[in-house]
Structure formats: C-alpha cells, structure tokens
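K.L.:
Sequence:
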Amino acid sequence: MRGVHALNLPQLRAFVAVVDAGGFGAAATDLGLSQSAVSHALAALERALGASLVVRSAPVRTTALGDTVLPHARAALAATDAIGEAAALHDAATGGTVRLAATPTVRQGLLPALLRQWSERLPGVRVRVFEGSGEEIDAWLAGGAADAAVVVDPPQVADGEGELGTLLRVDPFFALLPLNHPLAGESSVHVGDLADDPLILSPNGCERHIRVIHRLGGVAYSLAHRVRDLGTLISMVQAGLGVSILPEVSRPLVPDDLVLVPVVPHHSRRLVLTGPRERPWQLPVRALVEAAARSGRETGPGSGRTGATGPETTLS
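In this text, residue positions in the sequence shown follow the working numbering: the first is 1017, and each later residue adds one.
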C-alpha cells in the first residue's frame, strides 16, 4: 500500500486544519505552528499518498482524493483525541476531591449506591457531599462552592453550549399513605381522591411537580402543612395528620407502617448528575459522570443559601 506506513498524526492534523481554515496561514494560527511547518506537513502527507489533497488556491479546495481522505483523517484525529481523553480521565481517577451537592432525598435515597460504585471504580476520588435545597444547590454550583451536583430537570443545552451530564433516574411521584389508609392497598391513586386528606409537603423542588400533578388531574392545589425536614414529614404522616406526595427516590426512607402508591396523573422528574454550566469541569468530576453513565448503560437509567458551603457530610 503506497506509503501509508509513513502517515502520522501531525500530517493529518495539518491537512484538516488547512481545509477547515481555508488556507495555510489561518491553519498555522489555529495550530500554533509556523506556516512553513504546516506546509511541510501537508506536503509530506501528499508525498506519502502519491497525489495532491488540496488545490493551493484562495481559499484552499480539496481534490477528489482530498474529499475521500478528509473524513478518514477526521475520524483518526477524533479517535486519537478520545484515547487522550480516556487517559486523562484515568489519571483523574487516581486522585482528587469532588464537592457534590444533592437534596436530602437524593442524598439518602440515591447517593449511597452511587458512592459505592464510585469507591469501586474510582478509588482515588474523594467525594464530599453537601446537602441543600434545589435553590441552594443551583447557587453552590454556579458560585463554585460545589464542583458537581445531582440536579432536578436541568435545562437542555444546545450542542456546543456546555456539557449535559448523565441521567441518573427518571423519578416518578407516589402518594405517601399510612398502611391503614383506605387507599393504601390500591395499585394507584388519583390525586383527586386525596383531596379530603391534609397535604403535607417539604419546601423543596418537588412542590412545583406536585402542583403540576394537581393541575393535570383537574384538582385544586391546597397545602395543609409545609415542613422543612423529611423526617418530620414522615412522622406527621405516621401520626395520621395527613398524606404526602414524594418522588420514588424517597422509597428507602419510608418506614414499614407507611406505603408509597403510584399517583395519577403520572408525572416524573429527571435526576441528572452534572457539573457547572459556566466553567470547565474538573477532571475528577468528568470521571464521576462517565462512571455513572457507564453504570447506567449497564443497568439502564432509573434501575436505578444558608452559607458558603452549607451542611456537609464527608464520604470517601
């Protein structure tokens, strides 16, 4: 095969840069090289292939062979960059600390399994968990007090505008009822059937979803008690003071004398592990997100301001 053994990545990078920039001078600027170095690299590639790849005009145009080679050159460079990225993430996994923010229900119902996975796959990464409300988490992530967070229904970003993170769970909502409640044994319960029960909620990001459920069900939203602590909410339901609506991620926290029943209309939220939108992600953050994404591919998603730092739990 004609001279293919002589090909190298700098030559391919020079070829792609010249085509993309439309000329040798602009390509040299993009690559941080001299124009002579770019010209020599492309000429060496053309000698190895035995034919011209570009027409040296203004702007530069690809030849027929250049049209054929260009997508393969892009693929080779992309594969090389992916290998470098994998190596960088591997290095990140050997050390580093990530400050991870999450709501109380996510911290107690979802993070324990994730922390176990990360400790196995990324033993060098130390995760410090900060617990707060949805509003606090957004502020910590934006302000740099947190490096990563499990956020609820983050806005979709267009290609090139930021990293999306990975979906951890599609989290449906359930009615939380005492076992002796008349609807506790039903396969599902319409939100309208709970209208006579006092509604107890915790002031967090779930309330807007619960309002949606009421609106979709054609039921007026009426709140009897708003409590900050989830443990207090559970105790009040146990005492027969009302019922609640919670996301499924709360299931590990529900005691044996209470039951979660799917609520109709069905409604879910998305729990996404992500980094900051306005600044580059640290490599350990990217390593955590990639490990969570890999676990999700293996098991399927859903298989699973109070101060500068907020309340903290350190987990290694």
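Treat each hint with caution, since some may be false.
Unchecked claim - Here are the simulated distance ranges between beta carbons:
(1) 1256 x 1284: 36 to 46 Å
(2) 1099 x 1063: 19 to 29 Å
(3) 1133 x 1041: 45 to 55 Å
(4) 1131 x 1296: 47 to 57 Å
(5) 1129 x 1072: 51 to 61 Å
By construction, these hints were calculated from the structure, which means they are not laboratory data.
In this text, a Cβ means the ideal position worked out from N, Cα and C, and glycines have one as well.
K.L.:
Which hint numbers does the structure go against, in order from smallest to largest?
P.N.:
1, 4
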